[in-house]
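K.L.:
Each chain, written out:
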Amino acid sequence: MIGIVALVLGVLLGLWLDPAVPAWVQPYLPIAVVAALDAVFGGVRARLDGIFDAKVFVVSFVSNVVVAALIVLLGDELGVGAQLSTAVVVVLGIRIFGNAAAIRRHMFGA
Amino acid sequence: MADPAELLRRLLPDLLDPGYARAAARRQQSGRAGEPAHGRTEVLALVLGALLVGLVFGVAAADAAARAPGAEQARRGLVDEVQDARRRTDELSATAGEREARLQQAQRQALAGSSQGAAMLDTVRRLELATGAVAVTGPGLRITVADADGERTVLDRDLQVLVNGVWSCGAEAVALGGVRLNPRATVRQAGGAVLVDNRPVAQPYVLEAIGDPAAMHTRLVDTEAYGRFATFTQVYGTRFTVEPVRSLTLAAGSPAEPELAKKEGGR
Chain A
1109 MIGIVALVLG VLLGLWLDPA VPAWVQPYLP IAVVAALDAV FGGVRARLDG
1159 IFDAKVFVVS FVSNVVVAAL IVLLGDELGV GAQLSTAVVV VLGIRIFGNA
1209 AAIRRHMFGA
Chain B
4 MADPAELLRR LLPDLLDPGY ARAAARRQQS GRAGEPAHGR TEVLALVLGA
54 LLVGLVFGVA AADAAARAPG AEQARRGLVD EVQDARRRTD ELSATAGERE
104 ARLQQAQRQA LAGSSQGAAM LDTVRRLELA TGAVAVTGPG LRITVADADG
154 ERTVLDRDLQ VLVNGVWSCG AEAVALGGVR LNPRATVRQA GGAVLVDNRP
204 VAQPYVLEAI GDPAAMHTRL VDTEAYGRFA TFTQVYGTRF TVEPVRSLTL
254 AAGSPAEPEL AKKEGGR
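Sequence lines, in order, name chains A and B. Residue numbering for the first sequence follows our numbering, starting at 1109 and increasing by one per position. Residue numbering for the second sequence follows our numbering, starting at 4 and increasing by one per position.
Because the hints were derived from the structure by calculation, they are not lab data. Every clue listed holds true.
Straight line, CA to CA, 25 Å or less: simulated SDA-like cross-link-like pairs of lysine to any residue:
id: 1; chain 1: A; residue 1: 1163; chain 2: B; residue 2: 60
id: 2; chain 1: A; residue 1: 1163; chain 2: B; residue 2: 21
id: 3; chain 1: A; residue 1: 1163; chain 2: B; residue 2: 43
id: 4; chain 1: B; residue 1: 265; chain 2: B; residue 2: 185
id: 5; chain 1: A; residue 1: 1163; chain 2: A; residue 2: 1112
Rough simulated footprint, nothing fancy, chain B against chain A, three-plus residues with beta-carbon under 8 Å:
id: 6; region: 1114–1127
id: 7; region: 1130–1143
id: 8; region: 1160–1174
Restraint-style ranges between C-beta atoms, simulated for each label pair:
id: 9; chain 1: B; residue 1: 189; chain 2: A; residue 2: 1186; range: 42 to 48 Å
id: 10; chain 1: A; residue 1: 1185; chain 2: B; residue 2: 64; range: 27 to 33 Å
id: 11; chain 1: B; residue 1: 80; chain 2: A; residue 2: 1175; range: 39 to 45 Å
id: 12; chain 1: A; residue 1: 1171; chain 2: B; residue 2: 192; range: 51 to 57 Å
id: 13; chain 1: B; residue 1: 74; chain 2: A; residue 2: 1175; range: 25 to 31 Å
id: 14; chain 1: B; residue 1: 72; chain 2: A; residue 2: 1198; range: 26 to 32 Å
id: 15; chain 1: A; residue 1: 1198; chain 2: B; residue 2: 154; range: 35 to 41 Å
id: 16; chain 1: B; residue 1: 154; chain 2: A; residue 2: 1209; range: 45 to 51 Å
id: 17; chain 1: A; residue 1: 1198; chain 2: B; residue 2: 192; range: 35 to 41 Å
id: 18; chain 1: B; residue 1: 260; chain 2: A; residue 2: 1184; range: 46 to 52 Å
id: 19; chain 1: B; residue 1: 92; chain 2: A; residue 2: 1181; range: 43 to 49 Å
id: 20; chain 1: A; residue 1: 1110; chain 2: B; residue 2: 67; range: 23 to 29 Å
id: 21; chain 1: B; residue 1: 240; chain 2: A; residue 2: 1209; range: 49 to 55 Å
Remember, predicted model here, so these are calculated numbers, not experimental data. By construction, the Cβ of each residue, glycine as well, lies at the ideal position given by its N, Cα and C atoms.
Make a model of the complete structure from these sequences and hints.
P.N.:
Below, the structure written as structure tokens:
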């Protein structure tokens, strides 16, 4: 519960602050959003499984964002940034879908 | 290294971060089984993490909202500019047509009086006809060329040969794909599109030529172009029809700008 409150607070804070995103960060923002979504769905599922761990949640989120950004950065340097962005989105997307399905099974029993 | 199929299979069911399971196992070992502990650091980490995730969402949303209007504005501005330019083109071409008519009237008034003037007027008429500056109506031939389905056999150089053949048969005015050809008009290919005087023309290619239909038809059969397209029809199934038409109307084209040769310097 307190996690959801903090999440909403974070969203409001981000909207309210509306920081000027530097141009070099902009390509990584969508990747960060997908990684964050993955962390959230993974966390919710772990919670429903009864094995949630805040430390794992934070570490997995931060490391996901960093690794995804690094992969895309590497891709940009090699000239295949778009393809590697797609790869990251696909892998994280599969995980999001799977976890969302697991959450659905938990909540509706179907 | 395992084979790729094995790697893919391992990728799919492994959806939940294994860290959760490992942390739970660790807790079980240290005796704190069941529901996760709600210690201070746990709550702090949760709040911090959730805040961070929310911040990412919020910043991304704000950034997307800030960027979208810019792109949308630019697009709308460009659309406005295009529409403006189109309207100006229409206006200008209307003005040009009007002035053209006035010019012709003035020419006729100025030259019709004397026999010398009449001769000059006649020359002007003939030149206008030859350069495609005025619309013409008369009997002629309509030649239709189209590729067979899925084939791509008719190229720009075939159409060039056809156009030249029609000119050589005594055509007085020629239009290809609705574009009036002046003596300097080009037929060329850019990628898959055929450009007639730099305007794209789609299949089927319709060539209209004004002249005596029977005479032109007879002479056309002897040309290289006719033989080429007859072969295409046999080999590739290309459509190639020649039909006489009692009355064709060819629109005025854009005559090439006249250029005046000048003597260089005083030599």
